[in-house]
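Please build the complex by placing chain B on the supplied structure of chain A, with the hints as guidance.
Each protein sequence line maps, in turn, to chains A and B.
Under our numbering, the first sequence is numbered contiguously, ending at residue 648.
Under our numbering, the second sequence is numbered contiguously, ending at residue 207.
Incorrect hints may appear among the rest.
[Unchecked claim] With a straight-line Cα cutoff of 25 Å, these simulated DSS-like cross-link-like pairs (lysine-lysine) come out:
1. B/K116 x A/K527
2. B/K132 x A/K382
3. B/K187 x A/K383
4. B/K111 x B/K132
5. B/K135 x B/K116
6. B/K55 x A/K339
7. A/K382 x B/K187
8. A/K269 x B/K80
9. A/K424 x A/K517
10. B/K111 x B/K135
11. A/K382 x B/K135
12. A/K473 x A/K424
13. B/K111 x A/K382
14. A/K517 x B/K116
15. A/K517 x A/K527
16. B/K132 x B/K55
17. A/K311 x A/K383
18. B/K135 x A/K383
19. A/K117 x A/K200
20. B/K99 x B/K135
21. B/K55 x A/K383
22. B/K55 x A/K416
23. A/K424 x A/K475
24. B/K80 x A/K565
25. B/K116 x A/K382
26. B/K80 x A/K450
27. B/K99 x A/K382
28. A/K383 x B/K132
29. B/K187 x B/K110
30. B/K116 x A/K383
31. A/K383 x B/K80
32. B/K111 x B/K187
33. A/K445 x A/K517
What the hints contain is simulated information worked out from the structure, not anything from laboratory work.
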Amino acid sequence: MLAEIGQFTLAFGMLLASLLAALPLYGYFSNNEKFMHTARPLAYLQLIFLLVSFLILVALFISQDFSVAYVWRNSNLALPLRYRISATWGAHEGSMLLWLVIQTIWTAAVAFYSKSLSRSQVARVLSVLGIISLGFTAFVFFTSNPFLRSIPAPFDGNDLNPLLQDVGLIIHPPILYMGYVGMSVPFAISIAALLGGKIDETWIRWSRPWTNAAWGFLTFGIVLGSWWAYYELGWGGWWFWDPVENASFLPWLAGTALIHVQAVSEKRNAFRGWTVLLAILGFSLSVLGTFLVRSGVLTSVHAFASDPKRGVFVLTLLAIYAGGALFLYALRANKLKSQGGFQLSSRETLLLANSIIFSVACFMVLLGTLFPLFFEAFGKKISVGPPYFGSMFFMMMMPMAVLLPLGMYYRWQKDELTRVLKQLLPSLVITLVLAVVVWFFFKPLNLKASLGVFGGAWVFVTAMFYLKDYKGKLTRAVWGMQIAHIGVAIYLFGVSMTEHTDFEIDSLMNPGEVKMVQGYAIEFKGVEVKQIENYRASQGHFVVSKNGKIVAEMNPQKRYYPKRGNPMTEAAIDPGFSRDLYISLGEQINDQGGWAVRIYIKPFIRWMWGGGILMMLGGFWAASDRRYFRHAKLLKQKNIDKYLKA
Amino acid sequence: MTPTRKKRLMAIVLILLGVGIATVLFLTAFKENILFYKSPSEVLAGDYPKARNFRIGGMVKKGSIIKSTNSLDVEFYVTDYAKDVKVNYSGLLPDLFRDNQGMIAIGQLDNNGVFQAEEILAKHDENYMPPEVAASLKEKPSNYETTDNSNNLDKEDK
Numbered sequence: 003m004l005a006e007i008g009q010f011t012l013a014f015g016m017l018l019a020s021l022l023a024a025l026p027l028y029g030y031f032s033n034n035e036k037f038m039h040t041a042r043p044l045a046y047l048q049l050i051f052l053l054v055s056f057l058i059l060v061a062l063f064i065s066q067d068f069s070v071a072y073v074w075r076n077s078n079l080a081l082p083l084r085y086r087i088s089a090t091w092g093a094h095e096g097s098m099l100l101w102l103v104i105q106t107i108w109t110a111a112v113a114f115y116s117k118s119l120s121r122s123q124v125a126r127v128l129s130v131l132g133i134i135s136l137g138f139t140a141f142v143f144f145t146s147n148p149f150l151r152s153i154p155a156p157f158d159g160n161d162l163n164p165l166l167q168d169v170g171l172i173i174h175p176p177i178l179y180m181g182y183v184g185m186s187v188p189f190a191i192s193i194a195a196l197l198g199g200k201i202d203e204t205w206i207r208w209s210r211p212w213t214n215a216a217w218g219f220l221t222f223g224i225v226l227g228s229w230w231a232y233y234e235l236g237w238g239g240w241w242f243w244d245p246v247e248n249a250s251f252l253p254w255l256a257g258t259a260l261i262h263v264q265a266v267s268e269k270r271n272a273f274r275g276w277t278v279l280l281a282i283l284g285f286s287l288s289v290l291g292t293f294l295v296r297s298g299v300l301t302s303v304h305a306f307a308s309d310p311k312r313g314v315f316v317l318t319l320l321a322i323y324a325g326g327a328l329f330l331y332a333l334r335a336n337k338l339k340s341q342g343g344f345q346l347s348s349r350e351t352l353l354l355a356n357s358i359i360f361s362v363a364c365f366m367v368l369l370g371t372l373f374p375l376f377f378e379a380f381g382k383k384i385s386v387g388p389p390y391f392g393s394m395f396f397m398m399m400m401p402m403a404v405l406l407p408l409g410m411y412y413r414w415q416k417d418e419l420t421r422v423l424k425q426l427l428p429s430l431v432i433t434l435v436l437a438v439v440v441w442f443f444f445k446p447l448n449l450k451a452s453l454g455v456f457g458g459a460w461v462f463v464t465a466m467f468y469l470k471d472y473k474g475k476l477t478r479a480v481w482g483m484q485i486a487h488i489g490v491a492i493y494l495f496g497v498s499m500t501e502h503t504d505f506e507i508d509s510l511m512n513p514g515e516v517k518m519v520q521g522y523a524i525e526f527k528g529v530e531v532k533q534i535e536n537y538r539a540s541q542g543h544f545v546v547s548k549n550g551k552i553v554a555e556m557n558p559q560k561r562y563y564p565k566r567g568n569p570m571t572e573a574a575i576d577p578g579f580s581r582d583l584y585i586s587l588g589e590q591i592n593d594q595g596g597w598a599v600r601i602y603i604k605p606f607i608r609w610m611w612g613g614g615i616l617m618m619l620g621g622f623w624a625a626s627d628r629r630y631f632r633h634a635k636l637l638k639q640k641n642i643d644k645y646l647k648a
Numbered sequence: 050m051t052p053t054r055k056k057r058l059m060a061i062v063l064i065l066l067g068v069g070i071a072t073v074l075f076l077t078a079f080k081e082n083i084l085f086y087k088s089p090s091e092v093l094a095g096d097y098p099k100a101r102n103f104r105i106g107g108m109v110k111k112g113s114i115i116k117s118t119n120s121l122d123v124e125f126y127v128t129d130y131a132k133d134v135k136v137n138y139s140g141l142l143p144d145l146f147r148d149n150q151g152m153i154a155i156g157q158l159d160n161n162g163v164f165q166a167e168e169i170l171a172k173h174d175e176n177y178m179p180p181e182v183a184a185s186l187k188e189k190p191s192n193y194e195t196t197d198n199s200n201n202l203d204k205e206d207k
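Excised from the complex, chain A in its bound form (with noise of 0.2 Å):
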């Protein structure tokens, strides 16, 4: 019964995105108030009923509702309470499910925090966003339906994948879905804009605080991504380039450059075109990146068993919005004529830079993805290896990480480059010997880490000495920016210390054994069988010791989880400021009890999600900057004595 009326709220969810998607549009064209005023009750009603939906689902993974084939396919009776709640999301139907009522989530916040905008702004903006949630409505309810019935219903049900059991599973995709659909708003503000033909400082300054919250939950949803796949896949990498990592990563280069952007577009009027696309850019690759995860088109550790006909579905979606936006632009892209006029040795010029270096980066990563697809239409079967993308990067990266200190030092419309060296000097100064200390302290360091300790030392020591000499009032919006930037600069000096100092040694280790591994001596204890939960597990025992001091005891495991007959390792992480030592278990090689075993040290890898998550906050401090609060306040004050004069 249960499920039934999920199936009906999520079809009546469907008729309230149509009806979003229509009448505040129609009324907007047709100038009849009435139909304008339906925006927001619609957006709250949608944002109910797909609510009630989705925690029915959760409600049936609780009760292990088995008739549900969806329930019985990634959930059993062992499975822990946690686990049950979490699978709500842990397969392709209910984690659709999810990104819809995250959808309807960012609909119903627009529509809170749109009081300073007109009633016809608002009428369109919303509408724009129940035309993307009515197309995700009608994916889910048509290919995706997480509610249908397997009658008679089985006894037990499936399990969930071990890899999915796992305190990540239930943070990540949440997060990362914030993040995903949150570029939706940015996407709908400037749609709305060009439906009115209009865009001025105002929209953009409105348009600003959503972007980089949308662009603060993709950072640290791919943070936590990369967090998980680290310690749970057992291989000790933190990104692989593989095409679902690349799917999240194009929509934050994209919103990397949107931001940017639109702190010229806001201030200086100038890039307005620029701004339009790049937000429709951001959406786009959201919606891409939903279809090659779901498609199953590209080989990728990701891919799960995929159906053709849900990769057709979100292709077409995304012909539909990217091709509808990009042909209005088209329309009236005459209308959004910038007058702030600039020099080129400006601070307009530098933030171009930065949006034209993260929109190739984007590009680039886009075309190493999508490549063997081109080579398929071919017959030639093919993938880029992960080294072509680090090489693309650092190459991108680097000039980034030159510049981006001059961004924030150029004044705006004109400036002397002689002016802006000469304030430098002094951080230069201190870059280079920070970069130099570093390098005698960590030597030998190749020339690519040693470049990317040099940016990370840069981008630090002149964000530093921009806070401390900054004059005038240090705005939550000049703090977030420079939080971000540290962010940058830590991730950068992580980055760097890991990917070119970090050591592995995969070998065969009987009980009893020592391996001296950089200073640390690491003997093997021996392997004892542990039933924990729903799960037996062969649990590794090793001793870390260091100067005859023992510095951790860790206990990777090889699981077994019986009802889906698979093994999975688990490693032992022994987290550090300075460093990371891991070990994951391979298999039993002997009947002496020998295990093949992996130890990596991995040297400040915390420093990069470190990096990341400063990102986030700065992300989301600037947000929140009173700035774009008390304007709406004051715009609503104008408004007040607009009625009163009328």
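Relative to chain A, chain B alone:
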């Protein structure tokens, strides 16, 4: 030339230069890191890149896995049900590596026709078959012996 035009010309030259450099870098990085996929039949027909890495994929032939007991060396045959190629590997194997499981290895073919693998790829999900592998498999002979450890999820998913 007016100053504005001069500036514009400068900007265009700079952009072209940038695009040019980026293209060259891109093509070099790309050429070096492209990996071809080959099935055992193609490899035995001599259709594979010599002296550079490529990917070979197929099913792990049943009963062909031989593991050493005093090192991490392992050898097995990869099959597309028509032809088999021997693979050597040393290191930790992915969790889902076993008989009759689809797999992809990256490495080179040595002079004895043995594939020396540097890496064997793992999958997150036991129902998932890499598309290349699925496409390159020949018809399974009716007398081909498999232990049925795959479950019936594939059918249920449709």
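Going down the list of hints, with the structure as the test:
Between the alpha carbons of B/K116 and A/K527 the distance comes to roughly 23 Å, so the proposed pair stays at or under 25 Å and holds. Only pairs whose Cα atoms come within 25 Å are accepted, and B/K132 paired with A/K382 is accepted, the gap being roughly 20 Å. Only pairs whose Cα atoms come within 25 Å are accepted, and B/K187 paired with A/K383 is accepted, the gap being roughly 16 Å. Simply put, B/K111 and B/K132 have alpha-carbon atoms about 13 Å apart, close enough for the 25 Å limit, and the pair holds.
Proximity of B/K135 to B/K116 is assessed by CA-CA distance (about 13 Å); at most 25 Å being required, the pair is judged to hold. Between B/K55 and A/K339 the alpha-carbon distance is near 23 Å, which keeps this suggested pair within the 25 Å criterion. Distance check on the hinted pair: A/K382 and B/K187 sit about 17 Å apart at the alpha-carbon level, within 25 Å; holds. Taking the CA atoms of A/K269 and B/K80, the gap is near 43 Å; set against the 25 Å cutoff, the hint is violated.
The hinted pair formed by A/K424 and A/K517 fails the criterion: a straight-line CA distance of about 53 Å is larger than 25 Å. As the CA atoms of B/K111 and B/K135 are separated by approximately 13 Å, the hinted pair is consistent with the 25 Å bound. For the hint pairing A/K382 with B/K135, the CA-to-CA distance comes to about 23 Å; that is within 25 Å, so the pair holds. For a cut-off of 25 Å, the pair hint linking A/K473 to A/K424 stands: about 18 Å separates their Cα positions.
For the proposed pair B/K111 and A/K382, the alpha carbon gap of about 28 Å is over 25 Å, so the pair is violated. Restraint check for A/K517 and B/K116: the C-alpha separation of about 22 Å stays at or below 25 Å, so the hint holds. Under the criterion of a C-alpha separation no larger than 25 Å, the hint pairing A/K517 with A/K527 is consistent with the structure, at around 12 Å. The hinted pair formed by B/K132 and B/K55 fails the criterion: a straight-line CA distance of about 66 Å is larger than 25 Å.
Between A/K311 and A/K383 the alpha-carbon distance is near 23 Å, which keeps this suggested pair within the 25 Å criterion. The hinted pair formed by B/K135 and A/K383 meets the criterion: a straight-line CA distance of about 21 Å does not exceed 25 Å. Annotation: proposed proximity of A/K117 to A/K200 holds, straight-line Cα distance about 19 Å (limit 25 Å). This hinted pair checks out: B/K99 and B/K135 have alpha carbons roughly 17 Å apart, not beyond 25 Å.
Annotation: proposed proximity of B/K55 to A/K383 is violated, straight-line Cα distance about 48 Å (limit 25 Å). A threshold of 25 Å between alpha carbons decides the hint, and for B/K55 with A/K416 the separation of about 18 Å falls inside it, so the pair holds. The straight-line distance between the Cα atoms of A/K424 and A/K475 is roughly 24 Å, inside the 25 Å bound, and the hint therefore holds. Our distance criterion of 25 Å between C-alpha atoms is broken by B/K80 and A/K565, whose separation comes to about 44 Å.
Distance check on the hinted pair: B/K116 and A/K382 sit about 33 Å apart at the alpha-carbon level, beyond 25 Å; violated. Of the pairs offered as hints, the one joining B/K80 and A/K450 holds, with about 21 Å between alpha carbons and a cut-off of 25 Å not exceeded. For the suggested pair B/K99 and A/K382, the alpha carbons sit about 16 Å apart, so the restraint of at most 25 Å is met. Among the hinted pairs, A/K383 with B/K132 is consistent with the structure: their alpha-carbon atoms are about 19 Å apart, no more than 25 Å.
Proximity of B/K187 to B/K110 is assessed by CA-CA distance (about 14 Å); at most 25 Å being required, the pair is judged to hold. Between B/K116 and A/K383 the alpha-carbon distance is near 31 Å, which puts this suggested pair outside the 25 Å criterion. Between A/K383 and B/K80 the CA atoms are separated by roughly 15 Å; this keeps the pair inside 25 Å, and the hint holds. Taking the CA atoms of B/K111 and B/K187, the gap is about 16 Å. The hint holds against a cut of 25 Å.
Pair hint A/K445 plus A/K517 holds up; C-alpha atoms about 23 Å apart against a cutoff of 25 Å.
Hint violations for this structure: numbers 8, 9, 13, 16, 21, 24, 25 and 30, all remaining hints satisfied.
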